[in-house]
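Novice: Let's have the full structure, built from the sequences with the hints guiding it.
There are 2 protein chains.
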Amino acid sequence: MNKTLISNTTVITMNDAADILEAADVLVEDNHIAAVGPTGTLNERDASVVDGRDRAVLPGLVNAHTHAAMTLLRGYADDLPLTEWLETKIWPREAFLREGDVYAGTMLAAAEMIRGGTTCYADMYFSSAEMAAAATDAGLRASVSGVLLGILPSIDEDLRREIAFVESWNDPDGRVTGAFGPHSLYTCGAEVLRGVAEEAKRLGALVHLHLLETAHERDDIVALQERTPLHALREAGLLETPVLAAHCVYLAERDVDVLAGQPFAAAHCPGSNLKLASGIAPVPDFLKKGLTAALGTDGAASNNNLDMLEEARLAALIHKANRSDATAVTAYQALFMATRAGATALNQAGTIGQLTPGYKADLLLINLTAPHMTPQHNVVANIVYSAGASDVTDTMVDGRWLMRDREVLSFNESETITKGAATAADLVIRT
Amino acid sequence: MNKTLISNTTVITMNDAADILEAADVLVEDNHIAAVGPTGTLNERDASVVDGRDRAVLPGLVNAHTHAAMTLLRGYADDLPLTEWLETKIWPREAFLREGDVYAGTMLAAAEMIRGGTTCYADMYFSSAEMAAAATDAGLRASVSGVLLGILPSIDEDLRREIAFVESWNDPDGRVTGAFGPHSLYTCGAEVLRGVAEEAKRLGALVHLHLLETAHERDDIVALQERTPLHALREAGLLETPVLAAHCVYLAERDVDVLAGQPFAAAHCPGSNLKLASGIAPVPDFLKKGLTAALGTDGAASNNNLDMLEEARLAALIHKANRSDATAVTAYQALFMATRAGATALNQAGTIGQLTPGYKADLLLINLTAPHMTPQHNVVANIVYSAGASDVTDTMVDGRWLMRDREVLSFNESETITKGAATAADLVIRT
Chain P
1 MNKTLISNTT VITMNDAADI LEAADVLVED NHIAAVGPTG TLNERDASVV
51 DGRDRAVLPG LVNAHTHAAM TLLRGYADDL PLTEWLETKI WPREAFLREG
101 DVYAGTMLAA AEMIRGGTTC YADMYFSSAE MAAAATDAGL RASVSGVLLG
151 ILPSIDEDLR REIAFVESWN DPDGRVTGAF GPHSLYTCGA EVLRGVAEEA
201 KRLGALVHLH LLETAHERDD IVALQERTPL HALREAGLLE TPVLAAHCVY
251 LAERDVDVLA GQPFAAAHCP GSNLKLASGI APVPDFLKKG LTAALGTDGA
301 ASNNNLDMLE EARLAALIHK ANRSDATAVT AYQALFMATR AGATALNQAG
351 TIGQLTPGYK ADLLLINLTA PHMTPQHNVV ANIVYSAGAS DVTDTMVDGR
401 WLMRDREVLS FNESETITKG AATAADLVIR T
Chain A
432 MNKTLISNTT VITMNDAADI LEAADVLVED NHIAAVGPTG TLNERDASVV
482 DGRDRAVLPG LVNAHTHAAM TLLRGYADDL PLTEWLETKI WPREAFLREG
532 DVYAGTMLAA AEMIRGGTTC YADMYFSSAE MAAAATDAGL RASVSGVLLG
582 ILPSIDEDLR REIAFVESWN DPDGRVTGAF GPHSLYTCGA EVLRGVAEEA
632 KRLGALVHLH LLETAHERDD IVALQERTPL HALREAGLLE TPVLAAHCVY
682 LAERDVDVLA GQPFAAAHCP GSNLKLASGI APVPDFLKKG LTAALGTDGA
732 ASNNNLDMLE EARLAALIHK ANRSDATAVT AYQALFMATR AGATALNQAG
782 TIGQLTPGYK ADLLLINLTA PHMTPQHNVV ANIVYSAGAS DVTDTMVDGR
832 WLMRDREVLS FNESETITKG AATAADLVIR T
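Sequence order for the protein chains is P and A. Residue 1 is where the first sequence starts when you use my numbering, and the numbers rise one by one after that. Residue 432 is where the second sequence starts when you use my numbering, and the numbers rise one by one after that.
Since the hints were made in silico from the structure, they are not lab data. Here the structure is a predicted model, which is why all the values come from computation and not from measurement. A virtual CB, placed ideally from N, CA and C, is assigned to each residue, including glycine. Some hints could be false.
[Unchecked claim] Quick look at which bits of chain A chain P covers, simulated, 3 or more residues with Cβ under 8 Å:
(1) 700-713
(2) 731-739
(3) 759-769
[As the list claims (entries may be wrong)] Sample of chain P residues lacking proximity to chain A, with all beta carbon distances greater than 10 Å (derived):
(4) 30
(5) 198
(6) 357
Specialist: Shown next, in the form of structure tokens:
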């Protein structure tokens, strides 16, 4: 048995009691948390010991909505509204994606995510096989979904391809799991959505889609489909099966009430929603009504980084001003969104998201000694309001260190950066 | 003569032509920029050469509004509205400040600022002598103002103290300059403000105050003083002399028109304004109408870090969503606010804020090779939307390296952190 003891540290458990333990140890056995307790009280025989002094340990961050390979288009098009950005910049370039590009872009994203303490992510993009291969090679936990646009005449073919993908990545104990990724209610017809819902139920797979990112989208659904977004979800059979809905900026208050009682989660993407001028999601309502609110970076082309601590900070900041209420989203709530709520949103509530015995050993260590983390009146406030990706020193997934002391261990990072840069440079000049 | 050549780098000049030069060199002689040009074309005899490959060089960041020593209260009180935060948490603790505390807190701030590429800052707090001593010892450029609350019966004494301070730090070529810091229109009476304006004109000194941080403040001025904030400024004589006004969240559009023609600058503090739920300043109007809009972090108790790149990112992000306009503040405009507009706001427009021959050598180098900075489709977008303080590798002020390769050189950083932590821990338990 492989044992690691992280000793003499501050443990932010994110458990039901919201325990934050000082001078505590975390014992990892193989791929799971075996014990958490006061320093010196755990059975540490045969364990390799990691000194956790001046560090905090917390559950790995869960990026609940991203398009990892879009790192290739980071900084390619900025300061443009969503529709213009998609139609004149992003989609035309994506049309030139070739075999291997998505793998290269996803590995580049993996390096950045590992460096920022992200241990698990929900990825939606083209070429699900390359996405799954990259997550596997990087050592990260991921829910991977190919995009289903469901454009005729290929609806059946697209759906069959994705069913085959999800079936082949459907081990509930696996690190990488297939999910369905119908793009949105405005791009997928009712037939596709019904097909997805049926197959998702049959396979116990997650459905990951975009929902109500813009007011335009809401108005279009109502005008063209003559029904509300909630009706569209219900008719498709997407209320009784786990759904991860990115954005939810224009979710009506009455719909929040209904969805809070369903296996439905919102992936709040504040950075992207600000940058594309989409708006500000009613996250304080989600929290009040008990709708699962996770956090995502969205793709690097609309963020432009994959720093989940920054996303937590944005979530804690923007709703305060938007609601004229400095308590709208607290630092702890934002950290909960970035960890436990993410686990719930990815349908892994009992598996990851807290440092509790029996949970998978997905965690990060963060340095508490830098000037910007001093003094330490409140460790959670320091992490949410002051820290960033670069303060993460160590990242572990499934009991395996992917980064130690800021060195990425699970793959050749320097080659990944070189390959990502070259792929990106080529992608934007292809004709 | 002391010469440094930063070679083979990307130079973001922030000059009038907005030049961004690839494969360029920057020659520093003593405390100023001697030349900027294509790699290999400058006279580099006797220069110590710094390899700038995979780096960008840009003008040092100017933090146009902070209370540096409030690092001592970082994380002490969060998720509270401004009035409650000030009255129940911050002011009671500040009452226990002792000699040496402000120096310790300011040095801690200096370490953080240098690490994030801030080379110049406008500081307003208690104990101006300690603030000036810390800025001097840290090697930073600073405009230092003691807070004038102007509470009877000490108005005259307070003002005399600050006049003496400004007179003793009034060398226009000096790195550290005294300024007047009347707290705000709602805390300072007309008599204090008139006295400050007169003395500021006589000494050629900057006036640094808080202005219209909250709607409450605006309403109070109108109700209690029976005049608009603009009238109060005009009557005090604060329109014809350089004024640096922090926040300006509730500046009326018609007042923006008037102030744009005066030596008046707003220090936009997006992080603090969000965190204290103060609101969102009309920065797109400032930019459109030509009112100088600089950027500040405010104190670390309401931010909670002093990362000016994060502040630039917030400035580029929040106005997009607030105005439903993805072009509201562009990445370049945000970087301009963090550099050149800051120089103008601190009344140093011809001295710092751009990499142009003759300007003071205040600059930073930023690493472009990290995963989150790859690829490099757009260097300014990468810096504003993806980078953070930790990407800054080197910081120079007045031709002197304060940090090289992430090592702070101008003082003992480790002792500063220890001293800051101990001072902060003591401050919050004093009775």
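Novice: So, for every hint listed, does it hold in this structure?
Specialist: For each hint, the structure was consulted:
Counting residues of the stretch 700-713 of chain A whose CB lies closer than 8 Å to any CB of chain P gives 9, so the stated coverage by that chain holds, three being the minimum. Under the rule that three or more residues need a Cβ within less than 8 Å of chain P, the assignment of the stretch 731-739 of chain A holds, with 6 such residues. Taking a C-beta to C-beta cut-off of 8 Å, the stretch 759-769 of chain A contributes 3 residues in contact with chain P, enough for the three needed, and the coverage statement holds. Look at residue 30 of chain P: its CB is around 29 Å from the nearest CB on chain A, clear of 10 Å, so calling it non-interface holds up.
Its beta-carbon lying about 37 Å from the closest one in chain A, residue 198 of chain P satisfies the requirement of being farther than 10 Å from that chain. Even its closest Cβ contact with chain A, about 29 Å, leaves residue 357 of chain P beyond 10 Å, as expected for a residue assigned away from the interface.
Checked against the numbered hints listed earlier, the structure breaks none of them; every hint is satisfied.
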